[in-house]
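There are 2 protein chains.
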Amino acid sequence: MNMKSKRNKKPRVVIVGGGFGGVATAKQLKKTDVDVVLIDRRNYHLFQPLLYQVATAALNPSDIAAPIRKIFRKQKNLRSILGAVENVDLEARKVYVKGQPVSYDYLVLAAGATHSYFGNDQSAEHAPGLKTLDDATEIRRKFLLSFEAAEVETDEAAKEACLTFVVIGGGPTGCEMAGAMAEVARSIPDDFRHVDTKTARVILIQSGKRVLKSFPQESSDAAYDQLKELGVEIKLGPRVTEVRKDGVVCGEEFIAANNVFWAAGVKSSPLGETLGVELDRSGRVIVEPDLSVTGHPNVFVIGDQASAKDAKTGDPVPGVAQGAIQGGDYVGKIIRKELEDDTWVERGEFTYFDKGNLATIGRNKAVADIRGFKLSGFPAWFIWAVVHIMFLVNFRSKISVAFSWAWTYLLGSRGARLITGKSDYVIKQPPEDH
Amino acid sequence: MNMKSKRNKKPRVVIVGGGFGGVATAKQLKKTDVDVVLIDRRNYHLFQPLLYQVATAALNPSDIAAPIRKIFRKQKNLRSILGAVENVDLEARKVYVKGQPVSYDYLVLAAGATHSYFGNDQSAEHAPGLKTLDDATEIRRKFLLSFEAAEVETDEAAKEACLTFVVIGGGPTGCEMAGAMAEVARSIPDDFRHVDTKTARVILIQSGKRVLKSFPQESSDAAYDQLKELGVEIKLGPRVTEVRKDGVVCGEEFIAANNVFWAAGVKSSPLGETLGVELDRSGRVIVEPDLSVTGHPNVFVIGDQASAKDAKTGDPVPGVAQGAIQGGDYVGKIIRKELEDDTWVERGEFTYFDKGNLATIGRNKAVADIRGFKLSGFPAWFIWAVVHIMFLVNFRSKISVAFSWAWTYLLGSRGARLITGKSDYVIKQPPEDH
Numbered sequence: 009m010n011m012k013s014k015r016n017k018k019p020r021v022v023i024v025g026g027g028f029g030g031v032a033t034a035k036q037l038k039k040t041d042v043d044v045v046l047i048d049r050r051n052y053h054l055f056q057p058l059l060y061q062v063a064t065a066a067l068n069p070s071d072i073a074a075p076i077r078k079i080f081r082k083q084k085n086l087r088s089i090l091g092a093v094e095n096v097d098l099e100a101r102k103v104y105v106k107g108q109p110v111s112y113d114y115l116v117l118a119a120g121a122t123h124s125y126f127g128n129d130q131s132a133e134h135a136p137g138l139k140t141l142d143d144a145t146e147i148r149r150k151f152l153l154s155f156e157a158a159e160v161e162t163d164e165a166a167k168e169a170c171l172t173f174v175v176i177g178g179g180p181t182g183c184e185m186a187g188a189m190a191e192v193a194r195s196i197p198d199d200f201r202h203v204d205t206k207t208a209r210v211i212l213i214q215s216g217k218r219v220l221k222s223f224p225q226e227s228s229d230a231a232y233d234q235l236k237e238l239g240v241e242i243k244l245g246p247r248v249t250e251v252r253k254d255g256v257v258c259g260e261e262f263i264a265a266n267n268v269f270w271a272a273g274v275k276s277s278p279l280g281e282t283l284g285v286e287l288d289r290s291g292r293v294i295v296e297p298d299l300s301v302t303g304h305p306n307v308f309v310i311g312d313q314a315s316a317k318d319a320k321t322g323d324p325v326p327g328v329a330q331g332a333i334q335g336g337d338y339v340g341k342i343i344r345k346e347l348e349d350d351t352w353v354e355r356g357e358f359t360y361f362d363k364g365n366l367a368t369i370g371r372n373k374a375v376a377d378i379r380g381f382k383l384s385g386f387p388a389w390f391i392w393a394v395v396h397i398m399f400l401v402n403f404r405s406k407i408s409v410a411f412s413w414a415w416t417y418l419l420g421s422r423g424a425r426l427i428t429g430k431s432d433y434v435i436k437q438p439p440e441d442h
Numbered sequence: 009m010n011m012k013s014k015r016n017k018k019p020r021v022v023i024v025g026g027g028f029g030g031v032a033t034a035k036q037l038k039k040t041d042v043d044v045v046l047i048d049r050r051n052y053h054l055f056q057p058l059l060y061q062v063a064t065a066a067l068n069p070s071d072i073a074a075p076i077r078k079i080f081r082k083q084k085n086l087r088s089i090l091g092a093v094e095n096v097d098l099e100a101r102k103v104y105v106k107g108q109p110v111s112y113d114y115l116v117l118a119a120g121a122t123h124s125y126f127g128n129d130q131s132a133e134h135a136p137g138l139k140t141l142d143d144a145t146e147i148r149r150k151f152l153l154s155f156e157a158a159e160v161e162t163d164e165a166a167k168e169a170c171l172t173f174v175v176i177g178g179g180p181t182g183c184e185m186a187g188a189m190a191e192v193a194r195s196i197p198d199d200f201r202h203v204d205t206k207t208a209r210v211i212l213i214q215s216g217k218r219v220l221k222s223f224p225q226e227s228s229d230a231a232y233d234q235l236k237e238l239g240v241e242i243k244l245g246p247r248v249t250e251v252r253k254d255g256v257v258c259g260e261e262f263i264a265a266n267n268v269f270w271a272a273g274v275k276s277s278p279l280g281e282t283l284g285v286e287l288d289r290s291g292r293v294i295v296e297p298d299l300s301v302t303g304h305p306n307v308f309v310i311g312d313q314a315s316a317k318d319a320k321t322g323d324p325v326p327g328v329a330q331g332a333i334q335g336g337d338y339v340g341k342i343i344r345k346e347l348e349d350d351t352w353v354e355r356g357e358f359t360y361f362d363k364g365n366l367a368t369i370g371r372n373k374a375v376a377d378i379r380g381f382k383l384s385g386f387p388a389w390f391i392w393a394v395v396h397i398m399f400l401v402n403f404r405s406k407i408s409v410a411f412s413w414a415w416t417y418l419l420g421s422r423g424a425r426l427i428t429g430k431s432d433y434v435i436k437q438p439p440e441d442h
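Keeping their order, the protein sequence lines are chains D and V. Start counting at 1 in the first sequence, then tack on 8, and there's your number in the numbering used here. Start counting at 1 in the second sequence, then tack on 8, and there's your number in the numbering used here.
Please keep in mind that the hints were generated in silico from the structure rather than gathered at the bench. C-beta: ideal position from N, C-alpha, C; glycine also.
Listed next, with one range per pair, are the computed distances between beta-carbon atoms:
| # | chain 1 | residue 1 | chain 2 | residue 2 | range |
| --- | --- | --- | --- | --- | --- |
| 1 | V | K84 | D | A165 | 20 to 30 Å |
| 2 | V | E164 | D | T351 | 34 to 44 Å |
| 3 | D | H304 | V | T207 | 40 to 50 Å |
Computed footprint of chain D on chain V, listed as stretches where at least three residues anywhere in the stretch have a Cβ under 8 Å from a Cβ of chain D:
| # | region |
| --- | --- |
| 4 | 61–70 |
| 5 | 192–203 |
Computed footprint of chain V on chain D; a stretch qualifies when at least three of its residues, placed anywhere within it, have a C-beta under 8 Å from a C-beta of chain V:
| # | region |
| --- | --- |
| 6 | 77–83 |
| 7 | 86–95 |
| 8 | 152–162 |
| 9 | 198–211 |
Required output: the full structure, derived from the provided sequences and hints.
Have a look at this one:
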């Protein structure tokens, strides 16, 4: 099988998704004589680990997003298309965008994941999740509006519900959101006249036995303590069975809350279903040790869309940025080598290098698990800040901006406290003549 | 008449609108023993003169907007309400928000203006205007998407329409938008593979004889030349009679364009109509020399909502930030004095101090008319930059942010090139297998 045979043109690599995995793959092909097509439904690459900071008004959307075209403006062999891939025809070697085919010689699927409400889709309406910039500004809108609603609410129970924030899911995103929301509430008491924002309740619900279950027990305990210190109430054990407009049912209890946010589960992009190959329970494609699709060595799946195993340990590759980046690098190198040699190469198996796990709970509060070293509190937070600032510098290629961001963030400003979007704000109780 | 008689409480000043005028009024009352209620339908104060920079992706929304609560967090006599005032009952001395009354002793209306399509409301659909942050991100979305659409368009005429940007209205906003759009188009050729963004046409249509008609002839000429230099096509004379989905009818000519933006006319907030007093053609309230409403000395109208005359020259007070700020200061001082003395005072008449007019056309390109001194090109642009940076420093009270903004802006980055909002992007022609 020759990868150039079917088309009398340069071979073409189609990459679906401009996240960490897709971008890493494309960069590996920078100097290869190949036609790279990167397709994404958004025009930007998103630094998702900081998305919760947009949702909690610390950062601006453009601080953590870069136009895909800008990233690749100098990579002349890459063409980017704004569009959603609807299905893949493995036999014909084509993907379809709005019904139109795009042929490929190699295909890399890196379409990521979306929220999963575990079949409970009516939860979606009342408990927005956090995956895109639009999700983040929507959560920010809901979050900030609830203080406005509380300010003009005269019924005490209703006022309390306005000031009750429930975060469902105790993974990194849930912990980070809950911590940040508690911090915001405590930092703006002077902004309101009829509300003591310090009385706001932030409740984190995690159905398992501990928060941050992908971290070691020690880190979970540290995160728990730090969240408590910030005033977050943590409910471990009971599962949320219903999300209603006016609150959540959690075990036997009903919690009245106007603000419920979803950080509990993800499922893979539905694109995997169109492949006709084996998927796992979350809809991820079960891939070969070289991350290819069984029977289709020219098709790879990486990042959150893949169910992959680390060849060395046998452990599943985690759904984090590093998993996607390393997968993209690995796959990009294989494709480059095969195209340069014009033949299949011995690929080896994908191994995941765990650089460590970081989660931030608040200012000066974080947990880190770096190859067995467990840190918490300020040292963990300092590492977290340095890692992310370094990354942003690289990411945005603009030291000045990263510096200003760091400055602003370290000083604790919440400069992005803007309510945009729908103008039919959700204040139910009108202001009274009190 | 005693302003405290009706309510056995502190006198109350209700201010409608948190723009330049409303904020200036409120600040004058900082130390007065009074209950100030500021009502706005948005939670932020907007630095509107730079809104076009958000629309053209140079600045982030939060660079030019500040939460109203943050501005007044230390002014404890001020309470702010997020809501839209629907009508005013001058006799009962109440304004209504969602049907609920808010009483006042003094009322200051500073609700501003909105777009006017001169009765041609179907234009609104195809030619968005620029008044709010949401308008700005919507224009940014439309503007950036059109390059994406052109990239995948194969029909030459359709591709040209994607790359044709029409700005209707040659006032400061229109000139600034047109100039910035031309600059953006010329600065991103490397981002695209099938489109030469430098071939994009930006067409500015002004029905009168010159652009910037509120400026002296000399400045208009300079602006005209500078826009030409940036490659903007300027059509003077014919009026746009129809805005369609596929272009505009301008005089005898039809211009095919997927992107039409409205910068032609404004009308006053419809709130004025509920007063039952005399309005001018644009719906502005015709006020007394002290900016009060005839027969209601405790009700003032300022800024874009007022049709006021400079008592010294008899000229109309222009609808610019300075007009609103000076009106707010003037009115705030009257109210303060009258409340402190607990009686009506001799108010004098409002005079407008014209600090000058500035409009920026592009980097190093601007025109200025400062009390008779006319500047253009770099000197005018430099003044423009200094004035606006100074203002932002004051505005955001954060030197670091203003500095970073200045840095970013002076270096010419367009960091905010993000398409957010509706995900059903407007690309009509799907990507082909070319």
